[in-house]
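Chemist: Top line first, the protein sequences correspond to chains A and B.
For what it's worth, my numbering labels the leading residue of the first sequence as 1, then goes sequentially.
For what it's worth, my numbering labels the leading residue of the second sequence as 1, then goes sequentially.
If you are wondering where the hints come from, they were derived from the structure by calculation, not from laboratory data.
One thing to keep in mind: the hints can contain errors.
[To be verified] No farther apart than 20 Å at their CA atoms in a straight line, the calculated lysine to any residue pairs in the SDA-like style are these: (1) K3(B) with L41(A); (2) K16(B) with Y64(B); (3) K65(A) with Q57(B); (4) K3(B) with K69(A); (5) K104(B) with N51(A); (6) K104(B) with M27(A); (7) K104(B) with Q3(A); (8) K65(A) with M50(A); (9) K104(B) with Q107(A); (10) K104(B) with T112(A); (11) K71(A) with K104(B); (12) K104(B) with K17(A); (13) K57(A) with L88(A); (14) K69(A) with G58(A); (15) K57(A) with G97(B); (16) K57(A) with K3(B); (17) K69(A) with V54(A); (18) K3(B) with P40(B); (19) K104(B) with N84(A); (20) K65(A) with E30(A); (21) K104(B) with D38(A); (22) K57(A) with T24(B); (23) K104(B) with L41(A); (24) K17(A) with Q107(A); (25) K104(B) with R68(A); (26) K104(B) with D56(A); (27) K57(A) with N84(A); (28) K71(A) with Q85(A); (29) K3(B) with G40(A); (30) K104(B) with T24(B); (31) K104(B) with T15(A); (32) K73(B) with P30(B); (33) K104(B) with Y64(A); (34) K3(B) with T27(B); (35) K65(A) with T15(A).
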Amino acid sequence: EAQVTQNPRYLITVTGKKLTVTCSQNMNHEYMSWYRQDPGLGLRQIYYSMNVEVTDKGDVPEGYKVSRKEKRNFPLILESPSPNQTSLYFCASSDLKGPGVETFFGQGTRLTVV
Amino acid sequence: AQKITQTQPGMFVQEKEAVTLDCTYDTSDPSYGLFWYKQPSSGEMIFLIYQGSYDQQNATEGRYSLNFQKARKSANLVISASQLGDSAMYFCAMREGLNTGFQKLVFGTGTRLLVSP
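Same shape as in the complex, but just chain B:
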């Protein structure tokens, strides 16, 4: 079974609008972390935001926020006020066993976001 599911292969949004990128996950581990990465066309992986399974509040980092719904096992990324530079591939990832030192990230298949003027 897929541990991380991103159901949107591609998304379009107009500049200055908000966009939500979906991510659902599957784990039986009570201690896990969820990450979002941005990959521009140049290829590098840029860390955006992190949410721990025990965090009480949704994570925010500037224009990025993570809509964490634990019961639904979803961790959607919300980008507010989209900019042309947000056009990129976005990956959701999970790390299980946070207290074990196990550092493996499991990635979804990604969502390509295109921001139009």
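Okay, chain A solo, but in the shape it has when bound:
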């Protein structure tokens, strides 16, 4: 089954404690990205990657890091989380070839930073 898997689904952490949210896809997609969802703001792109070792900033990259060492994995790293990073996070992947292709989303990670 084609899917994007993120872990954990829920996470409560304290300010400043480094954390990683993992993301893996099984569709051999080149393009992967991270979004955060906040009430009244919709989803906004944090970082994206067009292939292995190729990453770039999205609209709200401050406070986040990513890496793409393997095609299937795209972890999101919060080196020093702060309360304003409390949000619902989605990993997504899609095929670079062809227009209008579907973007597959992970189940979401609900992060609370206290």
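Since the structure of chain A is already known, use the hints to place chain B on it.
Modeler: Just chain B, lined up with the frame of chain A:
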């Protein structure tokens, strides 16, 4: 300027009735795609329907149809015969530069739909 505007924060509809969720967009790119996603209370993003800027006909997927008015830059979602399970948040999204491989989706702020018995 907002690229995707959803002006209805919330909508109510009775079961079995049709409902239209509004979405307007702003782009100067001639090649773009418009998407609608459903987000139930469990949180996952469910793809509903897609319309390409060059598509001649309005997209349909079962009870979902997209009323695409290119000159007005609107892409409204129509849900026919609403069901209780349609209660959810709905997001309109756009991807520009379809032939460039640029895959970023820009989302609206969403419309929460509540279907009553």
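Chemist: Indicate, hint by hint, whether the structure satisfies it.
Modeler: For each hint, the structure was consulted:
no.	hint	verdict
1	K3(B) with L41(A)	holds, 12 Å
2	K16(B) with Y64(B)	holds, 13 Å
3	K65(A) with Q57(B)	violated, 42 Å
4	K3(B) with K69(A)	violated, 33 Å
5	K104(B) with N51(A)	holds, 14 Å
6	K104(B) with M27(A)	holds, 18 Å
7	K104(B) with Q3(A)	holds, 19 Å
8	K65(A) with M50(A)	holds, 15 Å
9	K104(B) with Q107(A)	holds, 19 Å
10	K104(B) with T112(A)	violated, 26 Å
11	K71(A) with K104(B)	holds, 18 Å
12	K104(B) with K17(A)	violated, 30 Å
13	K57(A) with L88(A)	holds, 18 Å
14	K69(A) with G58(A)	holds, 19 Å
15	K57(A) with G97(B)	holds, 18 Å
16	K57(A) with K3(B)	holds, 19 Å
17	K69(A) with V54(A)	holds, 9 Å
18	K3(B) with P40(B)	violated, 24 Å
19	K104(B) with N84(A)	violated, 23 Å
20	K65(A) with E30(A)	holds, 19 Å
21	K104(B) with D38(A)	holds, 18 Å
22	K57(A) with T24(B)	violated, 26 Å
23	K104(B) with L41(A)	holds, 16 Å
24	K17(A) with Q107(A)	violated, 23 Å
25	K104(B) with R68(A)	holds, 17 Å
26	K104(B) with D56(A)	holds, 11 Å
27	K57(A) with N84(A)	holds, 18 Å
28	K71(A) with Q85(A)	violated, 26 Å
29	K3(B) with G40(A)	holds, 15 Å
30	K104(B) with T24(B)	holds, 18 Å
31	K104(B) with T15(A)	violated, 30 Å
32	K73(B) with P30(B)	holds, 12 Å
33	K104(B) with Y64(A)	holds, 18 Å
34	K3(B) with T27(B)	holds, 7 Å
35	K65(A) with T15(A)	holds, 16 Å
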